[in-house]
Amino acid sequence: GAVVSQHPSRVICKSGTSVKIECRSLDFQATTMFWYRQFPKQSLMLMATSNEGSKATYEQGVEKDKFLINHASLTLSTLTVTSAHPEDSSFYICSATSGGAKNIQYFGAGTRLSVL
Amino acid sequence: RKEVEQDPGPFNVPEGATVAFNCTYSNSASQSFFWYRQDCRKEPKLLMSVYSSGNEDGRFTAQLNRASQYISLLIRDSKLSDSATYLCVVTLSGGYNKLIFGAGTRLAVHP
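Top line first, the protein sequences correspond to chains A and B.
In terms of this note's numbering, the first sequence has 59 at position 70, counting the first letter as 1, and numbering is strictly consecutive.
Basically this note's numbering = 1-based index in the second sequence + 61.
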C-alpha cells in the first residue's frame, strides 16, 4: 500500500514555542492531505483539509492562525502549531489521498506533542 | 447526536470467540464506509471497506444497511493480535472525501 511519512513522531516543547510537523507521501502524489487531532480515548477529529497550491479548509472551531498549514507540493504538507500551550498537547495525525473512486486515505504514524 | 456512533466497549473475549461491532451514522448522504483498526498510540489502519452487498476478508465480515444507516463488523475465531480499537468511518458526498470517525470500540482478546 501507499506510504505516508510523518515527522517528528514525538515532540516535547515549552509553552509559547512553535512546532512544525511534516507529512510526506513517499510513493504517490497526494492531491489532498488531511490533518487530524486525537485526544486520549477520543475519536480522531479533522482539523483541516489541504490541497496542493491552495489555502487549507479548516473545520469549525479550529483556529487557522494558530494551526498553520502549508501544502507546497504534491508530496508534502506541513502543520505548524504556533505559540503552543499545554492544551495543544495531543496526537496529531496526517493522511493523504491520491483521489480516485476507492477514496482511500493513507495515514502517517502520528506525532505526539507534549507542551510543558 | 454524533455523526458516527459506536459502542465504546471494551469487549473482553477469549481467543476463538466471535465478536460483533455495531455502528450507526446520522447523515443519509454518507457515501463510503470503512472499518479501521487503531492500536494504542498508533495511527489508524484500514481494515476493510464496507459495501451494501456485504463483504468478507478472511475472519472479518462487514455489512452495511443503508436504510437503517447501520454498519457492522464481525470477527470470527478471535486472535490475541486482534486486540485493538475498531473505528467505524464514513465519508460524505461532495469534494475532498472527508472522513468522519466514530470514537471506536475497544476489543481485548485474552488467552
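Quick caveat, the hints were computed from the structure, so don't treat them as lab data.
Treat each hint with caution, since some may be false.
The list that follows gives simulated cross-link-like pairs (lysine-lysine, DSSO-like), each with its CA atoms no further than 30 Å apart [what the hints assert, rightly or not]:
1) A:Lys9 to B:Lys103
2) A:Lys3 to A:Lys30
3) A:Lys53 to A:Lys9
4) A:Lys3 to A:Lys53
5) B:Lys159 to A:Lys30
6) B:Lys140 to A:Lys55
7) A:Lys44 to B:Lys106
Since we're looking at a predicted model, the values are computed, not measured.
Hint check:
no., hint, result
1, A:Lys9 to B:Lys103, "19 Å, holds"
2, A:Lys3 to A:Lys30, "24 Å, holds"
3, A:Lys53 to A:Lys9, "14 Å, holds"
4, A:Lys3 to A:Lys53, "21 Å, holds"
5, B:Lys159 to A:Lys30, "21 Å, holds"
6, B:Lys140 to A:Lys55, "43 Å, violated"
7, A:Lys44 to B:Lys106, "27 Å, holds"
Hint 6 alone, counting from the list given before, is not met by this structure.
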